[in-house]
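Colleague: Chains A and B supply the protein sequences, listed in that same order.
Quick note: the first sequence, position 2, residue 1 per numbering that gives the first Met the number 0, numbers continuous.
Quick note: the second sequence, position 247, residue 246 per numbering that gives the first Met the number 0, numbers continuous.
Hint data in this document are derived by calculation from the structure and do not stem from the laboratory.
Don't take every hint at face value.
[To be verified] Derived Cβ-Cβ restraints for the label pairs, each shown as a range:
(1) T240/B - P51/A: 22 to 30 Å
(2) P51/A - D238/B: 21 to 29 Å
(3) A168/A - A453/B: 47 to 55 Å
(4) E208/A - N367/B: 49 to 57 Å
(5) T460/B - K46/A: 44 to 52 Å
(6) A129/A - N409/B: 50 to 58 Å
(7) V176/B - K46/A: 34 to 42 Å
(8) P51/A - A453/B: 55 to 63 Å
(9) P331/B - A168/A: 16 to 24 Å
(10) I297/B - A129/A: 48 to 56 Å
(11) R19/B - Y205/A: 37 to 45 Å
(12) G404/B - A153/A: 58 to 66 Å
(13) P474/B - Y205/A: 16 to 24 Å
Given the structure is predicted, the values throughout are model-derived calculations rather than measurements.
Beta carbons are placed, not taken as given, at the ideal position from N, Cα and C, and that holds for glycine.
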Amino acid sequence: MPQMSNDPRVAASRQTAGQSVPVPQLGGTGRVADDMYLMAHNDLSGKPYLQPRALGLGLAGGLLAELMLAGRIDARPGEIVVAEGAPRVGDDLARHVLGLVLSEREPLAVAEWLLFLARTAAGDVARRLATSGYLARAGERRRWGGKRWVPVDADCAFGPLVRVRPALARSRHLTLYGACLAGLADACGLGPRMFAYAPPNATRRYLDEVVARLDPGLRYLIAQTQAAVGSAVLSQRV
Amino acid sequence: MSRTQTRGTKPSAVSRALARDRLGVPAVLGFVLAGVAPLTVAAGVIPTAYATTGLTSIPAAFLVVAVILGVFAAGYVAMARHVTNAGAIYAFVARGIGRPAGVAAALVALVAYSFLQVGLYGALGPAAASEAATHLGVHAPWWQWALGAWAVITVLGLLRVDITGWVLGVLLSAEIVVILAETLLGLARPAGDHLSFATLSPAGLTAGGFGVFGVLAVVAALGFVGFEQAPVLGEETRDATRTIPMATYLALGLIAVVYAGAAWAMATHTGDAKVVAAAAAQGPGLLFGLGGGPLPQIAPVLFVTSLFAAALAFHNSCWRYVFALGRENVLPAALGRTGANNIPKAASLTQSVTGLAVIAVYAVTGLNPMTKLFFWLGTAGGLGVAILLTVTAVAVIAFFARTPGHHGENAWRRLIAPALAAVLLAGIVVLAVQHYHTLLGVAPGDPAAWILPASYGVAATAGLGWGLILKFRRPGTYATIGLGAHAVTAHLTPATSERTPS
Chain A
0 MPQMSNDPRV
10 AASRQTAGQS
20 VPVPQLGGTG
30 RVADDMYLMA
40 HNDLSGKPYL
50 QPRALGLGLA
60 GGLLAELMLA
70 GRIDARPGEI
80 VVAEGAPRVG
90 DDLARHVLGL
100 VLSEREPLAV
110 AEWLLFLART
120 AAGDVARRLA
130 TSGYLARAGE
140 RRRWGGKRWV
150 PVDADCAFGP
160 LVRVRPALAR
170 SRHLTLYGAC
180 LAGLADACGL
190 GPRMFAYAPP
200 NATRRYLDEV
210 VARLDPGLRY
220 LIAQTQAAVG
230 SAVLSQRV
Chain B
0 MSRTQTRGTK
10 PSAVSRALAR
20 DRLGVPAVLG
30 FVLAGVAPLT
40 VAAGVIPTAY
50 ATTGLTSIPA
60 AFLVVAVILG
70 VFAAGYVAMA
80 RHVTNAGAIY
90 AFVARGIGRP
100 AGVAAALVAL
110 VAYSFLQVGL
120 YGALGPAAAS
130 EAATHLGVHA
140 PWWQWALGAW
150 AVITVLGLLR
160 VDITGWVLGV
170 LLSAEIVVIL
180 AETLLGLARP
190 AGDHLSFATL
200 SPAGLTAGGF
210 GVFGVLAVVA
220 ALGFVGFEQA
230 PVLGEETRDA
240 TRTIPMATYL
250 ALGLIAVVYA
260 GAAWAMATHT
270 GDAKVVAAAA
280 AQGPGLLFGL
290 GGGPLPQIAP
300 VLFVTSLFAA
310 ALAFHNSCWR
320 YVFALGRENV
330 LPAALGRTGA
340 NNIPKAASLT
350 QSVTGLAVIA
360 VYAVTGLNPM
370 TKLFFWLGTA
380 GGLGVAILLT
390 VTAVAVIAFF
400 ARTPGHHGEN
410 AWRRLIAPAL
420 AAVLLAGIVV
430 LAVQHYHTLL
440 GVAPGDPAAW
450 ILPASYGVAA
460 TAGLGWGLIL
470 KFRRPGTYAT
480 IGLGAHAVTA
490 HLTPATSERT
500 PS
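So here's chain A without its partners, still in its complex pose (with noise of 0.2 Å):
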């Protein structure tokens, strides 16, 4: 599991003893999966507002998102292809899971791999994002598990509410990246959370017609995390 980050974003840390310790950025880590999660987490507290497993399947959707941003591999109809020869990028849960997809033997359903990286996505990204510092664990203990994951600056944890903004609203400053995270935000259930901090002219009109101009793959992945959560709130297993 990752370590350190290399996203340059976080490089900007403190000098403390010789050691490096990352601090978090207004900016995010620019990671999807990352900012699903603080957006998924009461910025204060860090209590979820999502049920696990819909929360687990988000941020699946998430981790393979940023993949397909980054042109490593695109979801199609029944498989998951990865692109030969591509930079190597990423971190270390990125390339994980980039290991994971290239070490199957079947191509898999994009479906199925949601499914899979659910089962393991809330404690992986919660650990790469205390990795990057934007996370600590902190509070009582819990009857259940260990110590809640608790954001350490709560504007930066609100960041990603803000980054969405342009994908609900009219506006210049729309980027794949925001679109992208806001179609899988709404995917998983968090659009009354997003809605909740939206502009006042945001409709939801507007983020489908963001999210039907994304490319293929992207929208094939946000549909497949709709569904799949759909159909676990249907069989009330979320």
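Chain A is already provided as a structure; the job is to place chain B on it using the hints.
Modeller: The following block gives chain B in isolation, referenced to the frame of chain A:
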């Protein structure tokens, strides 16, 4: 981009990990039986059925209906192997017969499950009121207890504090043990020291004319409602080809034995000739009086928890339909969205509002809750499910007939069994509708005897009409009918739900 040659020789680690997370037969069986709520039927439906219909062949009806449903299940679970959708029945109809028929089936199902869910308050209220009066000295009218139960179910629906599986499992096991104990004790002390098998004989079903059979079959079908839920978990099971059929047949067999046994014990313990009068006088006490010892104290409490579990299970069935239809945009999309914590708030509240309205009407008009709410709406729900199963059997035939190669299913599963089931179930529906006044225990021509069955005609017509409007006005939505949660992927993939063998 190019496909990468993948390496490794072991069976897929991903598939193995996923298989471990999926459900086996016991989990699916538990899910199905939780919705069946055995004590609700044994103590609630059976005595009320004896009293209201005045017919004594109820034990035989359970056995015969179990066989008919077993025949139906052959085709049903075969289709479940090829169409995985958490909306199950209406998805089958949409895929087999056509999308407008699918919408009609969805609305009929919604009305039927709503009747069943709301009807349960009619038994829950009086049962809780009488327990509270006996043990706690609290005297409150039935509708206050019904409202209390309604409030708890509404809050559980909105907070998603699901009663955990093992709590339901323990209650369910206790219910079955209590019913079996009452049954054995009742059979051990038959009226006149003579063990009568008359009520178990299928001959009795038609002794009073075929209409009697239709009425009894609907009562029995009501008892089995819930057995059709296994394919809802189709996407969650370890082995879709085995788990769903096993759970369905096991549930059918178990329910048939438990209900037929309990109904037989009640008749034989009180005497075949006296059971109708005794049922009218004692209600659920007819079952509780069969055994001695602590049973008369334990059983009524379990009856209340069983009714509550059933009301919760049907509440879930109802919002599931509303939510799935919302996801398809067949109903307003807002119903298919979740609030905080992935809770389908809008869909859940819709059902709660229906429940509140019905309880209010019965409380204000002072209609008898046990017969006119629980039994009337319950049997109407049973009729609705019988209609749905009939249409589903036809859909199974059409589905396999349409696919070249028939998906490798044999003639029994894809044609003979569903055809047989369709004819038998259609016969039951027609007979029941013709003799609906007998089912309700009212005079022929009573408005209730045609209003309740007619509600399905209204729902089906509305569904067909709306399906056709969608076809011409919103073809995008029309294309997703029956896909449920997968509707969102429809315009990106061929119109099948994606599922790879694992």
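Colleague: Taking the hints in turn, state whether each one holds.
Modeller: Against the structure, the hints come out as follows:
1. For the pair T240/B and P51/A, the supplied restraint of 22 to 30 Å holds, since their beta-carbon distance comes to about 29 Å.
2. In this structure the hint that P51/A and D238/B lie 21 to 29 Å apart at CB holds, the actual value being about 25 Å.
3. Separated by about 48 Å at the C-beta atoms, A168/A and A453/B satisfy the suggested range of 47 to 55 Å.
4. For E208/A paired with N367/B, a C-beta distance near 55 Å keeps the hint of 49 to 57 Å intact.
5. A hinted range of 44 to 52 Å holds for the C-beta pair T460/B and K46/A, which are about 48 Å apart.
6. For the hinted restraint 50 to 58 Å between A129/A and N409/B, the CB-CB distance of approximately 57 Å keeps it satisfied.
7. In this structure the hint that V176/B and K46/A lie 34 to 42 Å apart at CB holds, the actual value being about 41 Å.
8. A hinted range of 55 to 63 Å is violated for the C-beta pair P51/A and A453/B, which are about 45 Å apart.
9. A C-beta distance of roughly 22 Å is found between P331/B and A168/A, which places it inside the suggested range of 16 to 24 Å.
10. Evaluation of the 48 to 56 Å hint for I297/B and A129/A yields a pass: the beta carbon distance comes to about 52 Å.
11. Distance hint check: the CB atoms of R19/B and Y205/A are about 41 Å apart, consistent with the given range 37 to 45 Å.
12. Checking the proposed 58 to 66 Å range against G404/B and A153/A shows it holds: the Cβ atoms sit about 60 Å from each other.
13. A beta carbon spacing of about 23 Å between P474/B and Y205/A agrees with the range 16 to 24 Å that was offered as a hint.
Going down the numbered hints, you'll see the structure goes against just number 8.
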